[in-house]
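Based on the sequences and whatever the hints tell you, model everything.
These are the residues of each chain, in order.
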Amino acid sequence: MQQVFTKDEYRKYVDKISPNSKTARNASRAYVVGGLICVIGQFFLNSFRQMGLDQDISASLTSVVMVFLGVTFTALDLYDGLGKFAGAGSIVPITGFANSIASPAIEYKSEGYVLGIGARMFIIAGPVLVYGISISIIMGIIHYLLRS
Amino acid sequence: MSHTVISYVNAFLVGGLICAIGQILIDKTKLTAARILVLFVSLGVILTALGLYQGIVDVGGAGATIPLTGFGYSLAKGAFNDVDKYGLLGALTGGIRATAAGVAAAVFFSYLAAVAFKPKAKS
Chain A
1 MQQVFTKDEY RKYVDKISPN SKTARNASRA YVVGGLICVI GQFFLNSFRQ MGLDQDISAS
61 LTSVVMVFLG VTFTALDLYD GLGKFAGAGS IVPITGFANS IASPAIEYKS EGYVLGIGAR
121 MFIIAGPVLV YGISISIIMG IIHYLLRS
Chain B
1001 MSHTVISYVN AFLVGGLICA IGQILIDKTK LTAARILVLF VSLGVILTAL GLYQGIVDVG
1061 GAGATIPLTG FGYSLAKGAF NDVDKYGLLG ALTGGIRATA AGVAAAVFFS YLAAVAFKPK
1121 AKS
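As they're listed, the protein sequences go chains A and B.
Heads up: the first sequence runs through residues 1 to 148, numbered per this note's numbering.
Heads up: the second sequence runs through residues 1001 to 1123, numbered per this note's numbering.
These are computed hints drawn from the structure, not numbers from a lab.
Wrong hints could be hidden among the right ones.
Computed from the model, here is a short list of chain B residues facing chain A with C-beta under 10 angstroms [claimed, not checked]: (1) ASN1010; (2) LEU1017; (3) ALA1020; (4) ILE1026; (5) ALA1033; (6) VAL1041; (7) VAL1045; (8) ILE1046; (9) ALA1062.
Backbone N, C-alpha and C define an ideal beta-carbon position, used for all residues, glycine too.
In structure tokens form, the structure reads like this:
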């Protein structure tokens, strides 16, 4: 008896027997989407620079705008769909960091404003801040010791 | 004008590459998204402290600062700048000072979004 695959079953079957091409496909999707998000960031960075703002201010404003976009797309329930397609392409940019805060904040609203929204929004951002800040302090101390 | 076009091409190439590396790590090592983000921020801090990330930022622009490694870059650069200005205290103040706008925006906008929007129904 000949086995009949639906399109979806066939895709899963192909994925199973060709793990390397799946990795290549996922990586290229992440590359394109992640790259495009950075191009959007570059657009804002160039725009702020053209307004005559200095590099640091322009970079901070760009972060704020990208975070705003990440939170907005999350709130409109569009970012998860992007994530299913793009994987790390939507996780690694700062819009993904914003998504990692906004998504649980919205989802756990039912658990209350303090332990729901207030606590759960840091479920991923918390570790990122703990390790990022701690390592930057250690590097700062080393920098201080090497200077003096 | 051409300088602007080049900045977009470089942002795409560098930013895309950093994201693709993240995706390959997820596929090959089964690291979760949270671990990838922690890893990338930490790598960004360390590479910046070693003087290796500034060159990537010079070429990639937003392609290097928008990925989470760029968040690490800002943390380390801020800590170094504040140590140069204020001494040892700067190691504590610099990182958060340099990244304050992005972090505060993420917390505040997310809070507003959570207040204004209902959780989506699980299908």
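Cut-off 10 angstroms, beta-carbon criterion: hint that VAL1041/B touches chain A: Holds, about 4 angstroms.
ALA1062/B as chain A interface residue, shortest Cβ-Cβ below 10 angstroms: Given a least distance of 4 angstroms, the restraint on ALA1062/B holds.
Should the hint that LEU1017/B touches chain A count as held when the rule is a Cβ pair under 10 angstroms? holds (7 angstroms)
May I ask you to test the interface hint for ILE1046/B with respect to chain A, counting a Cβ-Cβ separation under 10 angstroms as satisfied? holds (7 angstroms)
Minimum beta-carbon distance criterion (10 angstroms), ALA1033/B to chain A: Hint holds; ALA1033/B Cβ to chain A Cβ min 5 angstroms, cut 10 angstroms.
Under the criterion of a CB-CB separation shorter than 10 angstroms, is VAL1045/B in contact with chain A as hinted? Since chain A brings a Cβ to about 5 angstroms from VAL1045/B, closer than 10 angstroms, the hint holds.
Let's test the interface hint: is any C-beta of chain A closer than 10 angstroms to that of ASN1010/B? holds (8 angstroms)
Restraint check, 10 angstroms cut-off on beta carbons, for ALA1020/B near chain A: Because about 4 angstroms separates ALA1020/B from the closest Cβ in chain A, which is inside the 10 angstroms limit, the hint holds.
Against chain A, run the beta carbon of ILE1026/B and see if the smallest gap drops under 10 angstroms. Holds, about 6 angstroms.
Violated hints for the displayed structure: none, as all numbered hints are satisfied.
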